[in-house]
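S.K.: Sequence order for the protein chains is A, B and C.
Heads up, the first sequence is in the UniProt record's numbering, so the first residue is 1 and it goes up one at a time.
Heads up, the second sequence is in the UniProt record's numbering, so the first residue is 1 and it goes up one at a time.
Heads up, the third sequence is in the UniProt record's numbering, so the first residue is 1 and it goes up one at a time.
You may find that some hints are simply not true.
[Claimed, not checked] Partial pick of chain C residues on the chain B-facing surface, computed with a CB cut under 10 Å:
1. I15
2. G44
3. S51
4. G154
5. D175
6. L181
7. S184
8. L249
[As the list claims (entries may be wrong)] Counterexamples of contact, computed for chain C against chain A with all Cβ distances above 12 Å:
9. G37
10. S200
11. K248
No lab work stands behind these hints, which were simulated from the structure alone.
Beta carbons are placed, not taken as given, at the ideal position from N, Cα and C, and that holds for glycine.
This is what each chain is made of:
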Amino acid sequence: MTTSTPTDPPRPTGASVADSTLIAQESPAAPTAITGPGGPIAGPPPTPPPTPAAVPPAQPRRRGWRSLLPTMTPWLALGLTLVGLITLFGLIGPFLVGDPDTIRDIGLAGPTGENILGTTQTGQDVFSQLAFATRGSLQIGLIVGVLATVLSAFFGIYGAYLGGFADEAFSLLSNVFLVIPGLPLVIVISGFVPPESRGLWTIALVLALTSWAASARVLRAQTLSVRQRDYVSASQLSGERPWRVIVVEILPNLLPVLASQFVYAVIAAILGEAGLSFLGLGASNSSTLGTMLFYAQNGFALPLGAWWWFVPPGLIIALFGMGLSLINFSIDEIIDPRLKNARNARRLARTRKES
Amino acid sequence: MARQPVLSVRDLTVIYETEQPVTAVRQASLELGRGEILGLAGESGCGKTTLAYAINRLHQPPARIAGGSVIFHDREGEDIDLLALKDEGLRQFRWSQLSMVFQGAMNSLNPVRTIGYQLDDTLKVHDGSLSRAQRKERAAEVLTRVGVDPVRLRSYPHELSGGMRQRVMIAMAMLLQPQIMIMDEPTTALDVVVQREILREILRLRDELDFAVIFITHDLPLLLEIADRIAVMYQGEIVELGTAQQVHQQAQHPYTRKLLGSFPSLTGSRSDFVRHGSAQERSA
Amino acid sequence: MSSVKVTDLTKDYLIRDGLRRRRMRAVNKVSFELTPGRTVALVGESGSGKSTIAKLLTRLERPTSGTIDVLTDDGARVAGSAYRREVQMVFQDPFASLNPFHSVAHHIARPLRLHKRTQDAASTRSEVLAMLERVNLTPAEEMAERRPHELSGGQRQRVAIARALAPGAQVLIADEPVSMLDVSIRLGVLNLLGRLQRESRLAVLYITHDLATARHFSDDILVLHHGRVVERGPADAVILDPHHDYTKLLALSAPDPNRLGGVVRSTAPDRDAIDDSVCYDHHLGDWVPSGTQEVAA
Ligand SMILES: Nc1ncnc2c1ncn2[C@@H]1O[C@H](COP(=O)(O)OP(=O)(O)OP(=O)(O)O)[C@@H](O)[C@H]1O
Ligand SMILES: Nc1ncnc2c1ncn2[C@@H]1O[C@H](COP(=O)(O)OP(=O)(O)OP(=O)(O)O)[C@@H](O)[C@H]1O
Ligand SMILES: [Mg+2]
Ligand SMILES: [Mg+2]
Numbered sequence: 001m002t003t004s005t006p007t008d009p010p011r012p013t014g015a016s017v018a019d020s021t022l023i024a025q026e027s028p029a030a031p032t033a034i035t036g037p038g039g040p041i042a043g044p045p046p047t048p049p050p051t052p053a054a055v056p057p058a059q060p061r062r063r064g065w066r067s068l069l070p071t072m073t074p075w076l077a078l079g080l081t082l083v084g085l086i087t088l089f090g091l092i093g094p095f096l097v098g099d100p101d102t103i104r105d106i107g108l109a110g111p112t113g114e115n116i117l118g119t120t121q122t123g124q125d126v127f128s129q130l131a132f133a134t135r136g137s138l139q140i141g142l143i144v145g146v147l148a149t150v151l152s153a154f155f156g157i158y159g160a161y162l163g164g165f166a167d168e169a170f171s172l173l174s175n176v177f178l179v180i181p182g183l184p185l186v187i188v189i190s191g192f193v194p195p196e197s198r199g200l201w202t203i204a205l206v207l208a209l210t211s212w213a214a215s216a217r218v219l220r221a222q223t224l225s226v227r228q229r230d231y232v233s234a235s236q237l238s239g240e241r242p243w244r245v246i247v248v249e250i251l252p253n254l255l256p257v258l259a260s261q262f263v264y265a266v267i268a269a270i271l272g273e274a275g276l277s278f279l280g281l282g283a284s285n286s287s288t289l290g291t292m293l294f295y296a297q298n299g300f301a302l303p304l305g306a307w308w309w310f311v312p313p314g315l316i317i318a319l320f321g322m323g324l325s326l327i328n329f330s331i332d333e334i335i336d337p338r339l340k341n342a343r344n345a346r347r348l349a350r351t352r353k354e355s
Numbered sequence: 001m002a003r004q005p006v007l008s009v010r011d012l013t014v015i016y017e018t019e020q021p022v023t024a025v026r027q028a029s030l031e032l033g034r035g036e037i038l039g040l041a042g043e044s045g046c047g048k049t050t051l052a053y054a055i056n057r058l059h060q061p062p063a064r065i066a067g068g069s070v071i072f073h074d075r076e077g078e079d080i081d082l083l084a085l086k087d088e089g090l091r092q093f094r095w096s097q098l099s100m101v102f103q104g105a106m107n108s109l110n111p112v113r114t115i116g117y118q119l120d121d122t123l124k125v126h127d128g129s130l131s132r133a134q135r136k137e138r139a140a141e142v143l144t145r146v147g148v149d150p151v152r153l154r155s156y157p158h159e160l161s162g163g164m165r166q167r168v169m170i171a172m173a174m175l176l177q178p179q180i181m182i183m184d185e186p187t188t189a190l191d192v193v194v195q196r197e198i199l200r201e202i203l204r205l206r207d208e209l210d211f212a213v214i215f216i217t218h219d220l221p222l223l224l225e226i227a228d229r230i231a232v233m234y235q236g237e238i239v240e241l242g243t244a245q246q247v248h249q250q251a252q253h254p255y256t257r258k259l260l261g262s263f264p265s266l267t268g269s270r271s272d273f274v275r276h277g278s279a280q281e282r283s284a
Numbered sequence: 001m002s003s004v005k006v007t008d009l010t011k012d013y014l015i016r017d018g019l020r021r022r023r024m025r026a027v028n029k030v031s032f033e034l035t036p037g038r039t040v041a042l043v044g045e046s047g048s049g050k051s052t053i054a055k056l057l058t059r060l061e062r063p064t065s066g067t068i069d070v071l072t073d074d075g076a077r078v079a080g081s082a083y084r085r086e087v088q089m090v091f092q093d094p095f096a097s098l099n100p101f102h103s104v105a106h107h108i109a110r111p112l113r114l115h116k117r118t119q120d121a122a123s124t125r126s127e128v129l130a131m132l133e134r135v136n137l138t139p140a141e142e143m144a145e146r147r148p149h150e151l152s153g154g155q156r157q158r159v160a161i162a163r164a165l166a167p168g169a170q171v172l173i174a175d176e177p178v179s180m181l182d183v184s185i186r187l188g189v190l191n192l193l194g195r196l197q198r199e200s201r202l203a204v205l206y207i208t209h210d211l212a213t214a215r216h217f218s219d220d221i222l223v224l225h226h227g228r229v230v231e232r233g234p235a236d237a238v239i240l241d242p243h244h245d246y247t248k249l250l251a252l253s254a255p256d257p258n259r260l261g262g263v264v265r266s267t268a269p270d271r272d273a274i275d276d277s278v279c280y281d282h283h284l285g286d287w288v289p290s291g292t293q294e295v296a297a
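Bound-form chain A, shown alone (with noise of 0.2 Å):
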């Protein structure tokens, strides 16, 4: 007789009980498209370039840390493609095209063959400009992604390992940061910076503090219920040390999570430093998307119907903004487990109906 146990089990919670068939059932739909089982993507989500190519002859279990990589579907493709190309023009870009800083007599040209997005009121070549600023972003979007994401591991999941006094003092820190009204800060904080040391670091730093503790809560509340099963008692009383515990027990089932809000800072640095450099309290002497929004503003870019120059740092913004977040989506669903069962359940039906 086999006894075979099926995937852990759902157990939902008493509250929540009985919404919890509602929740699967909202997840997005897989358009037709797709048929075969995808393959893994290659690379943990938030680094680009995409590659979804290269897929191995199917495997009958995903393993270990395969098991991590979401399902390839069309949302996360598109998601890949869009974070994929324009970090290749934030890398590559600016190798590529001229000195973004050279004056020329052509100010506010439209689009031509020479310039390709035209040119800014001192006739500085806009798509330079662009490549520059792309980069400039993106750096500040990875400095403040891995800043908060090491911070809020530490305040979240070191402390509610360790529990006790450094739980309570780590979650009153977390949530004072909480409470302190982030935007507003950060405009004090950058105010207050003399613009001649508001470098990009300080930035960025200053990015990373207010927006760490939410997630700090959330991984919180993950460690204390993962630290509770017997296997993190078992391995620490085998004798292992406490960062050990940490790092092979807890640590890769919180991956999903870490990845989640590492992409969810991403967007809100690169979001927050546009709209900082837009009021002019960005980094000095560097340039970002948010710094050409803000000479595109001073330009008086918009009444002169200057299009060339702040839509394409605009797009960029919102397209990888929406790939990033198309990115998150997908790693939900390795969060939460029923929503892909629900995808696949569905194909699986949908190609038996088919046939």
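Given the structure of chain A, go ahead and fit chains B and C with the ligands onto it with the hints provided.
M.R.: Positioned in the frame of chain A, the structure of chains B and C with the ligands alone reads:
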């Protein structure tokens, strides 16, 4: 004694749509009478939990109900087809009419909330008419029923013993006084004395409120004592359904007889037991 | 070979009561000994402090007072990381005791490496396979690569037992190791524990609420009630000839296939009248006081 039915399940079939589809429940039919305790026994993996989830429509994809019907008979004589209910109707129905104690429920309490908060929340969601004080009183009352000191309302799940957490989950199912309670292995972490107190409490509530219970377990002797009727499941099918007396004395299916024979008696000879067990060591 | 000597073990927890916190004595002056090759069963009511004793023995919690000494054959006390090697535990919930993220091999290999039982990857691997064979998980090669969700409850408990034995543990605490398993699997896992115990002369503390298996798989039984030991003695004596009211109640409540519709419906013996302050010791053949008298749980 013919009871009025409260739930009729007809030819229910549930399939797990995995790479190789598994028919976990095959053509299951049973009728639950008002005020009846129906035991559902069977070995691990035979589909007990799947059946319970399907009755409650709590099954998650890849599970799919492939056929059959589940009808709930209201006290007012109205019939509700559970499989046809829409989301909102289903949400209303669940927990207030039919509640469930999940298998392994002791580990499904939210670790960051107190017991009291979680009981209160369930009450708040399903019965908006109660005041805060009433809710608190009600929560304390159900907790007392399952033998947990109401002081523990302020405790977090990890501060309770395994059996206490399991009792909290039972209390949560009793909270809204549903007409049907499905209990999936609710007493695995409880000692026999407490287990009996809880069963007695269930029986008492049953007599008082006339609700019905589907009691899932692999502990057949326990069922023989408390259940009015017993259904035995084997590989997704209900192979035996009869009163406790019938099942005990004239079991039809060989599997039922095997199940009945595999229980050590407390006072029996020791060597019997151990020899019997060593044959099974490898097969487990 | 190691034995464990537990003396007057006491553990208080603080629980919130209104705005104050009050002390709750979860374990009250419990003393016992675990010796190589013997199994002691700890039975008792839910919430009576059984798991707390397990946590104290495995040093997941600190005792409020009392001592736990693990002694080697020559009487030396085991301390520090050696203690972690010596005393291991099997948990109740097979679904929570293995990390869903790691393979079976990882679970067993870690303690091996941690306690330097094996030096390199190859010897670790062969030792892992040997451990799996010992707990009857065959084919070991294939089992090693599986992840927990691909195993049944009984198979998971076998992995948990192998993990506990991997560091070379001499003392095994099994906290309700089979209560969440199917009856047909229970005996298999218990017999496995029994065989391993005989082979390696382990000292085993078997925590359970199932009197039948306590009787059949252990040499001595301790009955716990409200954190105090209320009856102790050889397994058969305690079960077949209970003296303390609580033990009697426990024995009476055990489900018996031959007693249809019985005890549940009959009136319950009065539990409030049970006197925790005394303990019947079958070895002495007499009553002894139990626990401290001033704090009632
Ligand atoms: N999510 C799932 N995907 C695929 N198969 C599943 C899933 N859940 C359960 N099954 C299969 O369905 C069958 C019935 O499982 P179910 O959980 O209902 O058994 P059970 O009788 O409740 O067993 P237990 O006593 O162990 O709880 C099993 O063979 C199981 O492997
Ligand atoms: N961390 C904690 N904080 C406060 N109280 C606790 C804590 N851990 C356990 N307790 C209390 O100690 C008592 C004994 O708990 P323990 O887990 O040892 O019981 P048990 O005998 O194992 O019961 P069960 O059979 O239900 O598992 C219980 O009243 C429990 O609520
Ligand atoms: Mg089940
Ligand atoms: Mg316990």
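S.K.: Hint by hint, note whether the structure agrees.
M.R.: Evaluation of the provided hints:
Annotation: interface hint on I15 of chain C holds; nearest CB of chain B at approximately 6 Å, less than 10 Å. At about 7 Å, the closest approach between the beta carbon of G44 of chain C and any beta carbon in chain B falls short of 10 Å, and the interface hint on this residue holds. Hint status for S51 of chain C: holds, given a least beta-carbon distance of 6 Å to chain B, under 10 Å. For G154 of chain C, the suggested interface contact is upheld, since its CB lies about 4 Å from the closest CB of chain B, less than 10 Å.
A distance limit of 10 Å between C-beta atoms decides the matter here; for D175 of chain C the minimum to chain B is near 9 Å, and the interface restraint holds. For the restraint placing L181 of chain C at the interface with chain B, the shortest Cβ-Cβ distance is roughly 7 Å, inside the 10 Å limit, so the hint holds. For S184 of chain C, the suggested interface contact is upheld, since its CB lies about 6 Å from the closest CB of chain B, less than 10 Å. Among the interface hints, the one on L249 of chain C holds; its C-beta lies about 6 Å from the nearest C-beta in chain B, closer than the 10 Å criterion.
Here G37 of chain C stays apart from chain A, with its beta-carbon at least about 23 Å from theirs, past the 12 Å limit. Non-interface call for S200 of chain C relative to chain A: holds, since the shortest CB-CB distance, roughly 17 Å, exceeds 12 Å. Against chain A, the non-interface label of K248 of chain C holds: every CB pair exceeds 12 Å, the least being about 33 Å.
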